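Student: Chain by chain, the residues run as shown.
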Amino acid sequence: MVEQWNDSPGGFHPASAPDYLPVAQLRDLQLRRLQGIVGRAYENVPLFRERMNARGLAPGALRSLEDLRKLPFTVKADLRDTYPFGLFASPMQEVVRLHASSGTTGKPIVVAYTQEDIDVWTSVMVRSFAACGLHKGDIIQNAYGYGLFTGGLGAHYGGEGLGATVIPISGGNTDRQIMVLKDFGVTAICCTPSYFLHLMERAGELGVDIKKLPLRAGVFGAEPWTQQMRRRIEAGSSLKAYDIYGLSEIIGPGVAVECRHQDGLHIFEDHFYPEIIDPQSGEVLPDGAEGELVLTTLSKKAMPMIRYRTRDITSLAAEPCPCGRTIRRIRRIGRRSDDMFIIRGVNVFPSQVEAAMLAVEGTLPHYQIVLTRQKGLDQMEVQVEVTAEFFTDKIRSLEALQARIVHAIENTVGIRADVRLVEPHTIERSQGKAKRVLDQRNMA
Amino acid sequence: MKIKQLSVFLENKPGRLSVPCKALAKAGINILTLSLADTRQFGILRLVLRDWQEAKKALEAAGCVVNVTEVIAIEVEDRPGGLERVLEIVEQAGVNLEYMYAFTFGAKDKAILVFRFEDPDAAIKLLQAKGVNVIGGVDLFGRASK
Chain E
1 MVEQWNDSPG
11 GFHPASAPDY
21 LPVAQLRDLQ
31 LRRLQGIVGR
41 AYENVPLFRE
51 RMNARGLAPG
61 ALRSLEDLRK
71 LPFTVKADLR
81 DTYPFGLFAS
91 PMQEVVRLHA
101 SSGTTGKPIV
111 VAYTQEDIDV
121 WTSVMVRSFA
131 ACGLHKGDII
141 QNAYGYGLFT
151 GGLGAHYGGE
161 GLGATVIPIS
171 GGNTDRQIMV
181 LKDFGVTAIC
191 CTPSYFLHLM
201 ERAGELGVDI
211 KKLPLRAGVF
221 GAEPWTQQMR
231 RRIEAGSSLK
241 AYDIYGLSEI
251 IGPGVAVECR
261 HQDGLHIFED
271 HFYPEIIDPQ
281 SGEVLPDGAE
291 GELVLTTLSK
301 KAMPMIRYRT
311 RDITSLAAEP
321 CPCGRTIRRI
331 RRIGRRSDDM
341 FIIRGVNVFP
351 SQVEAAMLAV
361 EGTLPHYQIV
371 LTRQKGLDQM
381 EVQVEVTAEF
391 FTDKIRSLEA
401 LQARIVHAIE
411 NTVGIRADVR
421 LVEPHTIERS
431 QGKAKRVLDQ
441 RNMA
Chain A
1001 MKIKQLSVFL
1011 ENKPGRLSVP
1021 CKALAKAGIN
1031 ILTLSLADTR
1041 QFGILRLVLR
1051 DWQEAKKALE
1061 AAGCVVNVTE
1071 VIAIEVEDRP
1081 GGLERVLEIV
1091 EQAGVNLEYM
1101 YAFTFGAKDK
1111 AILVFRFEDP
1121 DAAIKLLQAK
1131 GVNVIGGVDL
1141 FGRASK
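These protein sequence lines map, in sequence, to chains E and A.
Residue 110 in our numbering sits at position 110 of the first sequence, and the numbers go up by one each step.
Position in the second sequence (first residue = 1) + 1000 = our numbering.
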């Protein structure tokens, strides 16, 4: 449904119509789209074809949504192993956009979009904003980073598609963000929740009363956050803080979003089919059970994803939401099934930090990544145990070594970390194995 | 002519220095001299001891990371300009001096300093040619026990 000239803001948004499809029609649509996407992946992507052939499966084998369980999973390593373009199902002539996100070993993973894919992405972002109660006339300050990261452009096109006014300010430069927030009459902001906390703090220091601004919605994502953090944000500002979920491998932001009831994230099931599995056995779990979220894209042309393991732990809620949407909800994502962590919107794997240290020293010392949050900004410190191999009697060489590790990590991960040299055996071992990531970010 | 120096890595935190000192005390090893270089985050304790192999074992057993470097001990006149003369020779020859520190003992009117050169052999040759008294281990440890 398309918005009409006489639709009134704050009412039902026509773009949200697919969110309210009767379940039977939604399942029928999903099945047909699933059959189409699996056929497309089979025909155009060797990896999918080989894996299906190995199991004796042809695309025609999909007669029901449950049959999806027969198909093999896709994992992040598949994107890395086929770097850069190995999973593309469209010729480059039809690909209009590439994005990239950090992978496990320094090489990013690359994702592709046809114009149709961009249009779908825009439509789910429009529906996301609409679910948060935004509409034409809203002024959206988009403080997600613009660039290879999908956050910036995803929210940008969604905001424009909604008919709102988008301020493409991108990330960083906090004082300017606050000036724009105050002077431009901004009514909605998109950024990571931790960055908004930082904005709140800085506004206080600058004497700007954020509660008096017309700001009424925050669309926050790209990192895990908690209910306590939401309460802190909402208590210290005039806005309602909405959780938005997405990942580049699937499309970017706009896979799922909270509605005004803020009780779980509605997943746009007409484009992204969700399953919850036991991360150990791979068995599909019933609605309500906690497990790993697995997503299948139902419409993506340039890069279909079949049963992509997100590593995010959540559950699916099938019971109806008071908002009336029929698309299911996923519970807010609190943790992951692997050791990946998200810092300032960037996915980081300890293995990337390891690769950087290996490159510098040739050996891998014991290390630990300590995450903290200072003034609302995530900080990463890498503690490295000094070993006889690289310890010297010269301060200068140790400082040079520190600098080389900092540089190598920044090159690999894209985030500047503090490197701290520590004495041997100071990093705690559990069962002989060091705990690689110590997340001390106070989510409250 | 060269003397072994042990370096121990320390975090710049209260109580860290006592770990290596305790280990040496327990092993009954006397420290001839030491110096401590530090940054905001960490420090390096440098030690000269008679029985450096035993000391290294004791320190490593206490969990310390130990590095062995060669330094040289130089005797200078214990009067104004005594050190300056040696430094002048080093500077003019363009030899790279990393750091230096002093012994607590020396002969009458003489002081003994520890020098850490990038290339100790070249430094010894240069200093001896200029008549500077480079003291070997045997002589040094002999003096220490007086």
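Hints are computed from structural coordinates only; laboratory data are not their basis.
Just to be clear, a hint being listed does not mean it is correct.
Each computed DSS-like pair below joins lysine-lysine, with the alpha-carbon atoms no more than 25 angstroms apart [what the hints assert, rightly or not]: (1) A:Lys1108 <-> E:Lys394; (2) A:Lys1002 <-> E:Lys394; (3) E:Lys182 <-> E:Lys212.
Because the structure is a prediction, the values reported are computed rather than measured.
Student: Each hint should be assessed against the structure and marked as holding or not.
Tutor: Against the structure, the hints come out as follows:
| no. | hint | result |
| --- | --- | --- |
| 1 | A:Lys1108 <-> E:Lys394 | 32 angstroms, violated |
| 2 | A:Lys1002 <-> E:Lys394 | 18 angstroms, holds |
| 3 | E:Lys182 <-> E:Lys212 | 9 angstroms, holds |
In terms of the numbered hints stated before, the structure departs from hint 1 and from no other.
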